[in-house]
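Please construct the entire structure, taking both the sequences and the accompanying hints into account.
Line by line, the protein sequences give chains S and R. Counted from 1, the first sequence has number 269 at position 243 by this note's numbering; the numbering is strictly sequential. Counted from 1, the second sequence has number 304 at position 278 by this note's numbering; the numbering is strictly sequential.
It should be emphasised that the hints constitute simulated quantities derived from the structure, not laboratory data. Keep in mind that the hints are not guaranteed to be accurate.
If chains are identical, the list can't say which one is meant, so a pair holds when it fits in one copy or spans any two.
[To be verified] Lysine-lysine pairs mimicking DSS-like chemistry, simulated, CA-CA at most 30 Å apart:
#1 K304 with K162
#2 K587 with K166
#3 K587 with K45
#4 K303 with K166
#5 K476 with K344
#6 K476 with K171
#7 K218 with K261
#8 K166 with K304
#9 K344 with K296
Fair warning: this is a prediction, and the values are worked out from it, not measured in the lab.
The primary structure of each chain is shown beneath.
There are 2 protein chains.
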Amino acid sequence: MFQTFDSSDDAPDTAARVKEVRALMAASGLEALLVPRADEHQGEYVPRSAERLRWLTGFSGSAGLAIVARRTAALFVDGRYTVQSRAEVDTAVFQFPDLPRGRVAEWIADHVSATHVVGFDPWLHTVSEIEHLRGKLAAKGIRLKPTPRNLVDRAWGRDRPAPPAAPVRPQALKHTGRAAADKIADVQARLKADGQDACVLTLPDSICWLLNIRGADVAHNPVALAFALVPATGKPELFLAADKLDAAARAHLEPVTRIGEPAQLAARLKALRAADKKVRLDPGTAAYALARALGTALARGADPCIAMKAVKTTAEIKGARAAHLRDGQAMARFLAWLDAHATRGIDEIEAVTRLEACRAETGALREISFDTISGSGANGAIVHYRVSRASNRRLMAGELFLLDSGAQYVDGTTDITRTIAIGKPSAEMRRRFTLVLKGHIAIATARFPKGSRGIDLDPFARRALWEAGLDYDHGTGHGIGSYLSVHEGPQSISRAGMAELVPGMLLSNEPGYYQAGAYGIRIENVVLVTPAEVPEGGERPMMGFETLTLAPIDTRLVERKLLSPAEVAWLDSYHARVRDALSPGLDTESRGWLAAATRAIA
Amino acid sequence: MFQTFDSSDDAPDTAARVKEVRALMAASGLEALLVPRADEHQGEYVPRSAERLRWLTGFSGSAGLAIVARRTAALFVDGRYTVQSRAEVDTAVFQFPDLPRGRVAEWIADHVSATHVVGFDPWLHTVSEIEHLRGKLAAKGIRLKPTPRNLVDRAWGRDRPAPPAAPVRPQALKHTGRAAADKIADVQARLKADGQDACVLTLPDSICWLLNIRGADVAHNPVALAFALVPATGKPELFLAADKLDAAARAHLEPVTRIGEPAQLAARLKALRAADKKVRLDPGTAAYALARALGTALARGADPCIAMKAVKTTAEIKGARAAHLRDGQAMARFLAWLDAHATRGIDEIEAVTRLEACRAETGALREISFDTISGSGANGAIVHYRVSRASNRRLMAGELFLLDSGAQYVDGTTDITRTIAIGKPSAEMRRRFTLVLKGHIAIATARFPKGSRGIDLDPFARRALWEAGLDYDHGTGHGIGSYLSVHEGPQSISRAGMAELVPGMLLSNEPGYYQAGAYGIRIENVVLVTPAEVPEGGERPMMGFETLTLAPIDTRLVERKLLSPAEVAWLDSYHARVRDALSPGLDTESRGWLAAATRAIA
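This is the structure we're talking about:
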């Protein structure tokens, strides 16, 4: 079992912990302290040892910032965690300001006197975050000061778990398609072109991509927590705990890297500064502590791996196809089981457990790619819902069940959402599902010129909903890693998607609709950006998408008369492809179910 | 006649003029000199007295930058002027670098030694332009230095025309819908909210909007060239040549402004600096000279009038409707005449002249809103084509004729493009016209939520073309003034349209298709952003467009089978509206023509 279900009955003694932190603040001359959710690597998942925000406040969400002042304390979370944070956190200790996170400076100014000092751990905030906040606080006379050691860790003391030390595994060339040496050469070419002497990498998925390794230091994301320093010429240095490396990992890494301990990194950067080198660091993702160590050696620039790893190699694309085929068979087995049992009293947790078992039966499941969103009825309308023992709910006839899940296989990462009718859906549910489906098809079938960005496609996913006076408050698609993070950049299909799309990129296609307190709808497939065939008479090179995800879309929810003939043709042809691809690997019962589920719509 | 047609036979003696400028440069210790097309107000049109670039080089386009170095000289123009600039300019004197204008610094670095000085007139460049260029040149050791007097003006000498001094006319409250005092109060509220003591206005259309005045200092754009200084409290000061004001204009202005001469402005700004005031200036549109005068008093901020004037008042919207009705009748009379005469040997200039006469017959024409783009056959494929005696071409059977024109009436500014089949169009022309029409209809019928920006709609205009492997290389729509500039911001429908759309904004809707050397297609109407009716079951406030332009779209170019039933319904209903609105004001012949032209498509 990869997914666990909180019973939420182990609430910490927040007041005592905050008191202890305040005593340490006083001893350090700090009027307030920032406690973010992030760790040194700014990843979506952090190891237990870095769950400082949770230890201090009880809040378990994936993003947030606490500010502990001498007499008061606040927790800033975004819209998706408004309800959850108030349920998890002691409201006698923390207030929940109604300010967006960008307005943190205003809260501080209101609660901390000018001339006072606010402390922060320089390893847990990005350069951009600190520069932005420092500028705003300076205008109010308040100073921001790095603490030499993390005060929460000092309060946490011996109970703090040890940092993770999962073994590093080489990722085979047949899966990555490019040797680490080749990728390193590309990064070095970039550095030379930009006139830089070296580059610090702080994102574990960038480092794992570059060196063709994987790890298991955090949940769901098969990365090893590490730093790297890539010189414009010569061997990169990899900084990670030595106990993560066995002989095989060393044999894989030693030809292309030198290996050091994370604690050595800052000293190495100071040496580069002393030698008057220019060292590239990504201010949007790297820890402020590194910029401090670099000082005048700092050269601002995006992590060069981000753009490179977004464009998949032929081997990665082949792997993605295999992973989606395997995952589609697991989904088909699960959906067949669900249809047979849905009205017999299944609950959300059972669905998660069963789905994970179906994936495990493939024999290839390494991890799930994120905690499954398993929302029945009104729970489906909570966009970032995560089922707990307390929220767990039965699937009920006449309701919708939204299931967003994914797997980590050695050859690829998957991410799929299906919305399933339990019993007979209402006419409104069918109409709205069909509008979402129209948006999904509009993305799946889009053809667009070179230079197009995700922002240029996002409106296609929404037009049918807009015409009905409806919309959804999330992006339409995110980038996806190859046996790496299920969310990666730089590309996205969204209001903010300014990165150009390039053949070889993977994206999700996941429009939705949510009726608070009633039901949620989302239809998500993973698509690959491809060069598109240009029809006769066409003049410009075009791109398009190939849908990789293979699983039926619930046709009981489709209102055919709302679809154009072209949309019906897309759905029928997708289902024929799903059936042909999945059937050979299925048991008789699931195969029978699939045949019915993928029948052309009437 | 407002439009004139160059015969291009008065080529200046460029070599002699450049030689004279070089002598002045040498006397000032300058190694190179920037000569931009802009004047002190950065408008689309400049008066004759400010046509320095044209005087020096012969280039008559609306955007460009010359750099005169000691031994060489270059003219930078954008893609639309590549051909024209080489035809107009002495290529023995000027080179035409293949660099985008943003790379001017590279050209300078290649042609000017480090440690040398490049001169510029600080009144003719924006703050942003100079800061950007200065940063790039500094990296190469080259200094950028303002000249105390414009060197081209000194060389031009007595032949230089006097600056314009057209009379200022009050714009009546019935047309503007808001008193100048109210608008001034809004600007002052903005300044107070932003903690600023005053604001410098440099854009003539901002000033004319704010004070409810109009002028005639430049072609096509009914503005008075002026500056203004709006204090956070008290009367604004208007700086303009006193001879532009008659008694009526003074009576209109004196209750709300103090009036000074433009030469006083810099001294006033220095006084504000001495008094330690914060003065807002828009670095993207204001002259560098003003930022220099302000020094430490400079507070960067957008010209507050830009966003305010973009949202039209009820009176302005009423005026726009009246202007479009009147303009539609002129268009109908013109198109009826054209259909009767098109194959009898009409040329592009005759079409322009006749169209202007039809507009003049309304008795309300104040000016045309830009030089008519009258392109037959291959000339229609040149997006910014402007007919000259040399390029003038007959309308020929089997070709398309693209006509993009507009009028300035006291109650509104119009902008309309129609593409007309001369004789029998080819099947390809009809297919492509229909794809452009599909894009036009997709914008006209779009419904979109609050917060949407033009960038969120632009893809709808292109999808049908993209599906056919086609596209067009211009935006889909620009903002439009109310008896002001035909191009205004901040809103646009384009790849760069990040300004939120708000009910009351006017935009053009003008997708196109251009086949170089063959034909051009564009269909342009002006639309008004309105709150949209939300259909039953809709949950969110929506916006939409109301099409204001009233003129037939050539149905001989429509391939009906490429249109959806909804698209056919839009076209038929638009044509019914056009017929009902225009018929009552037309002569019998034009009315008969209109009835046929607006018939429902078969």
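These are the hints, each one checked on the structure:
1. Proximity of K304 and K162 under a CA criterion of 30 Å is satisfied in both settings, with 28 Å inside one chain copy and 19 Å between copies.
2. For a Cα distance limit of 30 Å, the shortest separation of K587 from K166 qualifies neither inside one copy, at 60 Å, nor across copies, at 66 Å.
3. Taking the shortest alpha-carbon separations for K587 and K45, neither the intra-copy value of 63 Å nor the inter-copy value of 75 Å comes in at or below 30 Å.
4. Within a single copy, K303 and K166 get their C-alpha atoms only as close as 35 Å, which misses the 30 Å cut-off; across copies the closest is 20 Å, which meets it.
5. Taking the shortest Cα distances, K476 and K344 sit within 30 Å of each other inside one copy (23 Å), while across copies they are farther apart (42 Å).
6. Taking the shortest alpha-carbon separations for K476 and K171, neither the intra-copy value of 46 Å nor the inter-copy value of 41 Å comes in at or below 30 Å.
7. In this assembly of identical chains, the alpha carbons of K218 and K261 lie at most 30 Å apart only when taken from the same copy (15 Å versus 58 Å across copies).
8. Proximity of K166 and K304 under a CA criterion of 30 Å is satisfied inter-copy only: 18 Å between copies versus 33 Å inside one chain copy.
9. Taking identical chains as interchangeable, the C-alpha atoms of K344 and K296 are never at most 30 Å apart, the minima being 43 Å within one chain and 68 Å between chains.
Hint compliance for this structure: hints 2, 3, 6, 9 are broken, all remaining hints hold.
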